[in-house]
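Undergrad: Chain by chain, the residues run as shown.
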Amino acid sequence: MLELKDVDTAYGAVPMLRNVTMSVQAGELVCLLGPNGAGKTTTFMTVCGVVRPQRGKVEVMGKNVAELGTENLAALGVGLVPEGRRLFPGLTVLENLRLGFDAVSGGKLDFEGQLDKMSSLFPRIRERLRQVAGTLSGGEQAMVALARALIGEPKLVVMDEPSLGLSPKLIGEYFEITREIHSRGTTVLLIEQNAEMGLSIADRGYVLVKGRVAQEGPAKELLASRAATSLYL
Amino acid sequence: MAELLIQQSVNWITLGSIYALFAIGFSLIFGVLNVIHFSHGDVAMTAPFIALAAAQALSIAFGATAPAWLVLAVIVAVLAVGVIGAVLDKVVIRRFRDAPAMMALVATVALGIVIRELIRHLYPQGSNPHAFPRLVSGVAFEIAGVPVSWLALLVVAVTTLLVALLFVFLRLTPLGLRIRAASEDRIVARMMGIRDGRVFRATFFIASAIGAIAGLLFASYAGVTRFDFGVMAGLLGFSAAVIGGLGSMPGAIVGGLIIAGIEVLAQTFVPDGASYRLVFVFILVIVVLIFRPAGLLGRTAMEKV
Numbered sequence: 001m002l003e004l005k006d007v008d009t010a011y012g013a014v015p016m017l018r019n020v021t022m023s024v025q026a027g028e029l030v031c032l033l034g035p036n037g038a039g040k041t042t043t044f045m046t047v048c049g050v051v052r053p054q055r056g057k058v059e060v061m062g063k064n065v066a067e068l069g070t071e072n073l074a075a076l077g078v079g080l081v082p083e084g085r086r087l088f089p090g091l092t093v094l095e096n097l098r099l100g101f102d103a104v105s106g107g108k109l110d111f112e113g114q115l116d117k118m119s120s121l122f123p124r125i126r127e128r129l130r131q132v133a134g135t136l137s138g139g140e141q142a143m144v145a146l147a148r149a150l151i152g153e154p155k156l157v158v159m160d161e162p163s164l165g166l167s168p169k170l171i172g173e174y175f176e177i178t179r180e181i182h183s184r185g186t187t188v189l190l191i192e193q194n195a196e197m198g199l200s201i202a203d204r205g206y207v208l209v210k211g212r213v214a215q216e217g218p219a220k221e222l223l224a225s226r227a228a229t230s231l232y233l
Numbered sequence: 001m002a003e004l005l006i007q008q009s010v011n012w013i014t015l016g017s018i019y020a021l022f023a024i025g026f027s028l029i030f031g032v033l034n035v036i037h038f039s040h041g042d043v044a045m046t047a048p049f050i051a052l053a054a055a056q057a058l059s060i061a062f063g064a065t066a067p068a069w070l071v072l073a074v075i076v077a078v079l080a081v082g083v084i085g086a087v088l089d090k091v092v093i094r095r096f097r098d099a100p101a102m103m104a105l106v107a108t109v110a111l112g113i114v115i116r117e118l119i120r121h122l123y124p125q126g127s128n129p130h131a132f133p134r135l136v137s138g139v140a141f142e143i144a145g146v147p148v149s150w151l152a153l154l155v156v157a158v159t160t161l162l163v164a165l166l167f168v169f170l171r172l173t174p175l176g177l178r179i180r181a182a183s184e185d186r187i188v189a190r191m192m193g194i195r196d197g198r199v200f201r202a203t204f205f206i207a208s209a210i211g212a213i214a215g216l217l218f219a220s221y222a223g224v225t226r227f228d229f230g231v232m233a234g235l236l237g238f239s240a241a242v243i244g245g246l247g248s249m250p251g252a253i254v255g256g257l258i259i260a261g262i263e264v265l266a267q268t269f270v271p272d273g274a275s276y277r278l279v280f281v282f283i284l285v286i287v288v289l290i291f292r293p294a295g296l297l298g299r300t301a302m303e304k305v
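The listed protein sequences derive, respectively, from chains A and B. FYI, in the working numbering the residues of the first sequence are 1 to 233. FYI, in the working numbering the residues of the second sequence are 1 to 305.
Among the hints, erroneous ones may be present.
With a straight-line cut-off of 20 Å between C-alpha atoms, the simulated SDA-like cross-links for lysine to any residue are [what the hints assert, rightly or not]:
no.: 1; chain 1: A; residue 1: Lys108; chain 2: B; residue 2: Val106
no.: 2; chain 1: A; residue 1: Lys5; chain 2: A; residue 2: Glu67
no.: 3; chain 1: A; residue 1: Lys220; chain 2: A; residue 2: Gly27
no.: 4; chain 1: A; residue 1: Lys63; chain 2: B; residue 2: Arg195
no.: 5; chain 1: A; residue 1: Lys210; chain 2: A; residue 2: Ala66
no.: 6; chain 1: A; residue 1: Lys155; chain 2: A; residue 2: Gly113
no.: 7; chain 1: B; residue 1: Lys90; chain 2: B; residue 2: Leu72
no.: 8; chain 1: A; residue 1: Lys220; chain 2: A; residue 2: His182
no.: 9; chain 1: B; residue 1: Lys90; chain 2: A; residue 2: Lys169
no.: 10; chain 1: A; residue 1: Lys57; chain 2: A; residue 2: Gly113
no.: 11; chain 1: A; residue 1: Lys169; chain 2: A; residue 2: Lys210
no.: 12; chain 1: B; residue 1: Lys90; chain 2: A; residue 2: Glu71
Calculated from the structure, these hints are not laboratory results. Since the structure is predicted, the reported quantities are computational estimates derived from the model, not experimental observations.
Can you make the complete structure from the sequences, with help from the hints?
TA: Here's what the structure looks like:
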């Protein structure tokens, strides 16, 4: 469903990713771990087509992202949760959700029905629909950002450090929701710094260090070996 | 004295409405693209020339001059200028979207010169002023013996209607929602499947068409148009947008009214004020830039270029 093959990227003269190869199969929940500056967000931006690889390629559902363009990913069924939530702060929660719905659903679903589903998954959203997104708390913004990615029923969700800045209680809630989304059949690439939490719900994991994949394997093995966490904690 | 105040109030509201329309174009384009489109005034002031040419062509094709031809010519001009704006974005301005702001600034200033010179050389007797007809004539009513023209009413009514339509469009239509989303975060907008190129062209079309209406009202109010009117229209519209707060629609309206107010006050109460009314206007712009760089109702100060 998602594949990075020998990907090198750079910001100007500064190399960011080096020879990164990884994949996410349909139905999997894969966790990409790494310390600050490892290249996690660059990986997210490369998967989205915002950053173009200097070498190698990124394929989503068999299509080359560099040729496809960021704006066509959603129509393929890809929901994206960027780092720092990045809601449209001047738009209401409802408008943010509407944009996420229009992007992914392709007109095949009923918005009100999907809104009800999101409200049951994130109970606090219903009462915040008319509120301007920029005025929500960090936790609420995190939930709306995830709901915006999910409301069109994507086949693949890619999340970039969703737990960043959340309280421990909210992190627990967030990972529980991610596990639930995955159990319903959605493929997930979770890019995380919180290794224990990430690996505890993932099928497989990759550890990114200084722009290279330093380790990969089943999540349980990575968690048990503690190798993944000891690499950067 | 009362008559003078009423007369100048009518002039203020009329002129302020026209400036507000110019400013709305600047604000819309800056709000969505983060580009100061310095040739917006020149693009807008092509509208009277297109309308004159269209009216003349219609008269030649169908015989005698008729009011209907003028209405049709005005519609043609508004649509044509909207298309010109969208084409300029596609051909020129989009290339500077991700470039340093200074490059976009220089490019749009240069574009304005190109537009003015093209009018001057391609339009028959383009260097000379051309009389522009009043879109409506006559007196609508009187306030304390001061006549209020139909044209003044038309200007205020059109501005009010356009502002209301723009508000409804941006708030209640899918394209309006996409424009607002792209104006807040282009990258995430693309992640939401929004084709930013289309959004930007639509924005340019709307801003330029509104500018065209402002240009037509300006020419009709002045009774004349000239190839270089775009410079002053652009400067006043941009100043109104800056005073109100670039990117803010209510700010554009407030800025337009403030600038027109200063002009009218200078002309009325300062001896020979008409000659240097613009001195007062641009002093205010400087004061606002010093003390409120984001403008009276704006949220974002212009970045250093």
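Undergrad: If a hint holds in the structure, say so; if it doesn't, say that too.
TA: Here is how each hint holds up against the structure:
1. Lys108/A x Val106/B: Roughly 46 Å separates the two Cα atoms, so the pair is violated.
2. Lys5/A x Glu67/A: 15 Å, holds
3. Lys220/A x Gly27/A: With a Cα-Cα distance of about 17 Å, the restraint between Lys220/A and Gly27/A holds, given a limit of 20 Å.
4. Lys63/A x Arg195/B: 18 Å, holds
5. Lys210/A x Ala66/A: Outside the cut-off at roughly 23 Å; violated.
6. Lys155/A x Gly113/A: 18 Å, holds
7. Lys90/B x Leu72/B: 27 Å, violated
8. Lys220/A x His182/A: Holds, at about 17 Å.
9. Lys90/B x Lys169/A: Violated. Lys90/B to Lys169/A sits at ~49 Å, over the 20 Å cutoff.
10. Lys57/A x Gly113/A: 37 Å, violated
11. Lys169/A x Lys210/A: 30 Å, violated
12. Lys90/B x Glu71/A: 18 Å, holds
Violated hints for the displayed structure, listed by number in ascending order: 1, 5, 7, 9, 10, 11.
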